[in-house]
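Asker: Sequence:
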Amino acid sequence: MVQGMGAGEHMKEEVLSQDLQATRLEQLLRIASALAADVPLATMSAIVGEECRHEMGADAVSVHLRQDDGFYELVFHQGCTAEFTNQWKMVPESIFPHEIEMSSNTFIFFGSAATLKKAIPSASDLLDQSFRKTIAFGPMVVGDAAIGILGFAYNDEHRVAPDRRFMSILVNLCAQALARSRLSEKEKNLLLKAEAANLAKSEFLVNINHEIRTPLNVIGGFADLLVQAPNLTRVQQDWASAIQRNSHHVAELIEGVLDVSRIESERLRIKDSEFSLGELLEDLFNSFRVKAEESGVRFQVDSVPQPHRVISDPLRIRQVLSHVIENAVKFTSRGKISIQIVYQDDLLLVTIKDTGIGISSAMQEKIFEPFQQMDSSLHRRFGGTGLGLPIARRLARVMNGDVKLVRSEPGSGSIFQVLLPLKSLDEHPRASAERGNLGRLLFGRRILIVDDSPDSLALTKNCLDSAGAIVTTADSGLKTLTFAKTTKFDLILLDIQMPEMDGYQTMSRLNLQSYKGKVVALTAHALASERERAMKLGFIDYITKPFTLTSLVERVSALTVDPLSLNRAHKSGGAHSGNLNIKPARLQKQQSRSV
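Per the working numbering, residue 1 is the first one in the sequence shown, and the count goes up by one each step.
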């Protein structure tokens, strides 16, 4: 009978033990679910503190996290006295009882206030004031590193410690959750800092871009005009050409850096429009043919498509092809450059083959990375920033195309392929002004130029004057408003960066005056955000500085074209040529840099 009673008690204890284990498992699963939340560190600290206080049945709880300097910061507390939170806000590791092993998850339990006073003499006053009878500590460790410590306080003495195994598992779960939350918060802070740095970089680019573009536009523009002057000596002609060539080179470098910034920040916009693919390719190839033949390199183009109209972004197509062909011309000093063009099923495939210096297998992986040069000796010999091919590939990919290196051997040359999607249109005859004769493009067009910079104003006026336009100038927004009320213009070119009343404010005032004419922003700001702001205000287009004579005149012509008058002019044999002091043949040799 006694033995039976003993067996029954034993079975009862087993059942109770199993029930307890099931309860503990349910508790751990619930807590693990709560700790899995993706929340800020402060919120996670509160979850940890509240869950542990509930499971421990404690009257008070504290959560200290270890900082980089080795001190422990109180990040959460509940039920603690003001004296405790003030004195234990930031404490050294040495203040905790030496019995605590900070490098392990061993749970330490002090069953009476007397034993704790011996362990932490400095806490005697706090214990007396708070009437705490029992204190427990749970070090939080991840790997071999201590990340913090949990503290629990009871108003009654607990001679028997709670389930240490359960509490060790609980503390370990809390340690993992806090470590994960802290890491996530650090990553988010780093991301915010990176975004702030990127914003600062963008603002810097906007400012420096404007400061450089404005004077560079004046230098390059007057150099364009000077090169066309008929009375220059041979030496003066060479000087003017050198200024023109180098100003355009600097402008291209600036545009390259901005393009990299736009692409990386995903602010680059593709602006589709209808254009003649044949004309674009012919202009592009003719400009590079001159450069190649000047170096004694044959420039051959096969299967040039007949002129037909397509829809895509002509500026970006020109940029992609220019960068790849420029690379071939730059690194080829003998032999030939051959270009093969295939256009089928709305896809343009351009293959560029050269007999240049070639690319080693080691460098072939790097040529599409920004600012990469093949080696320092080649950089000194050929110059450049290493932006051409990276920009070409990234622009092509933004357009759902690609640029790839097919094959290259040092000393034998390289083969690149450019693939660009284009949407073909049915061909329709279109009236257009004859290219190369800029004096016929703007004849009779009335244009108001507004710019507070005398040099920029003079340059733009000279460009449009020489193409036959009737030009009026103003140097402020107020004068613009007056002219708009009294004079009819085919187009207003309005500078954005002006004192007192800038271009945006002037446009807003024109809208209030119910002005119905065409207004174009003329500015050194080249970022997509500025362009979008201008278009929302009612500008019909956005021309960035620096521009070339050809690009400005052709853009203004396109914006002021009157289809009926062009038809009449075409039937009557053409418009009056105007008073032009420019040699058209020479303009055809210039590479028209789109703005």
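Treat the hints with care, as some may be off.
Said to hold, decoys possible - Derived DEER-like restraints, expressed as beta-carbon distance ranges:
1) Glu185 with Ser273: 45 to 53 Å
2) Val39 with Lys89: 18 to 26 Å
3) Ser273 with Gln513: 25 to 33 Å
Everything labelled a hint here was simulated from the structure, so no lab data went into it. For glycine and all other residues, C-beta sits at the position ideal for the given N, C-alpha and C.
Asker: All the hints need checking, so say for each whether the structure fits it.
Answerer: Against the structure, the hints:
no., hint, result
1, Glu185 with Ser273: 45 to 53 Å, "holds (47 Å)"
2, Val39 with Lys89: 18 to 26 Å, "holds (23 Å)"
3, Ser273 with Gln513: 25 to 33 Å, "holds (30 Å)"
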